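**Student:** Now for the letters of each chain:
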Amino acid sequence: GESVGLHLPTLSVQEGDNSIINCAYSNSASDYFIWYKQESGKGPQFIIDIRSNMDKRQGQRVTVLLNKTVKHLSLQIAATQPGDSAVYFCAEKGRTGNQFYFGTGTSLTVIP
Amino acid sequence: NAGVTQTPKFQVLKTGQSMTLQCAQDMNHEYMSWYRQDPGMGLRLIHYSVGAGITDQGEVPNGYNVSRSTTEDFPLRLLSAAPSQTSVYFCASTQRGQGDYGYTFGSGTRLTVV
Numbered sequence: 268g269e270s271v272g273l274h275l276p277t278l279s280v281q282e283g284d285n286s287i288i289n290c291a292y293s294n295s296a297s298d299y300f301i302w303y304k305q306e307s308g309k310g311p312q313f314i315i316d317i318r319s320n321m322d323k324r325q326g327q328r329v330t331v332l333l334n335k336t337v338k339h340l341s342l343q344i345a346a347t348q349p350g351d352s353a354v355y356f357c358a359e360k361g362r363t364g365n366q367f368y369f370g371t372g373t374s375l376t377v378i379p
Numbered sequence: 675n676a677g678v679t680q681t682p683k684f685q686v687l688k689t690g691q692s693m694t695l696q697c698a699q700d701m702n703h704e705y706m707s708w709y710r711q712d713p714g715m716g717l718r719l720i721h722y723s724v725g726a727g728i729t730d731q732g733e734v735p736n737g738y739n740v741s742r743s744t745t746e747d748f749p750l751r752l753l754s755a756a757p758s759q760t761s762v763y764f765c766a767s768t769q770r771g772q773g774d775y776g777y778t779f780g781s782g783t784r785l786t787v788v
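Chains D and L, in that order, are what the protein sequence lines are.
Quick note on this note's numbering: the first sequence kicks off at 268 and runs consecutively.
Quick note on this note's numbering: the second sequence kicks off at 675 and runs consecutively.
Careful, some of the hints might be misleading.
[Said to hold, decoys possible] Derived pair list, reagent style DSSO-like, types lysine-lysine, alpha-carbon separation capped at 27 Å:
| # | chain 1 | residue 1 | chain 2 | residue 2 |
| --- | --- | --- | --- | --- |
| 1 | L | K688 | D | K338 |
| 2 | D | K338 | D | K323 |
| 3 | L | K688 | D | K309 |
| 4 | D | K335 | D | K323 |
Since the hints were derived computationally from the structure, they do not count as laboratory data.
Bear in mind that the values here come from a model prediction, so they are computed numbers and not experimental data.
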């Protein structure tokens, strides 16, 4: 079956520094991935997505990189702010339908 | 525009009791799903629906039932609550088709079974 995992469960960064959150996936046939942000007491919120025909996609202060050779995703957050403190999940689209499989999450703490 | 609305926000049940977690969306999304979130395990898919009248099982369907009589509503029923069902439950919806598949999540229901 599919599995999605994260390399580091917690990450602390200084305000203003860049953050990198990593994610490994197991299904080489997966063609769509999403990063979500979950703040305490709230539901996950869509940040950015990427399809397997892309290596990189940029949003506002966020960049997702996809390395299909090693089945690895990363989320880069530029100039990290206190409001970025949250748990970040990567999600991998299943083979059929719109099911997504989520990793366990990385907790990001921004130190002022 | 409320998005995805879940009720209740908190619930305590005794083992063996039944209850229904409500989920409603006002975005005319075809696809809806229920996830549970447990510490250290991320979100796991319970049931999903690709449209009114159509439902299917996810990764962890046992002990839960769903129905989809309208596009807007997707209730999750616990038939006989067990302590193992203590979790935070999230309902999510998305529009099918090309382009953005990103889910819109509700704010969750925190369920404790004692």
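**Student:** Which hints, by number, does the structure contradict?
**Tutor:** 1
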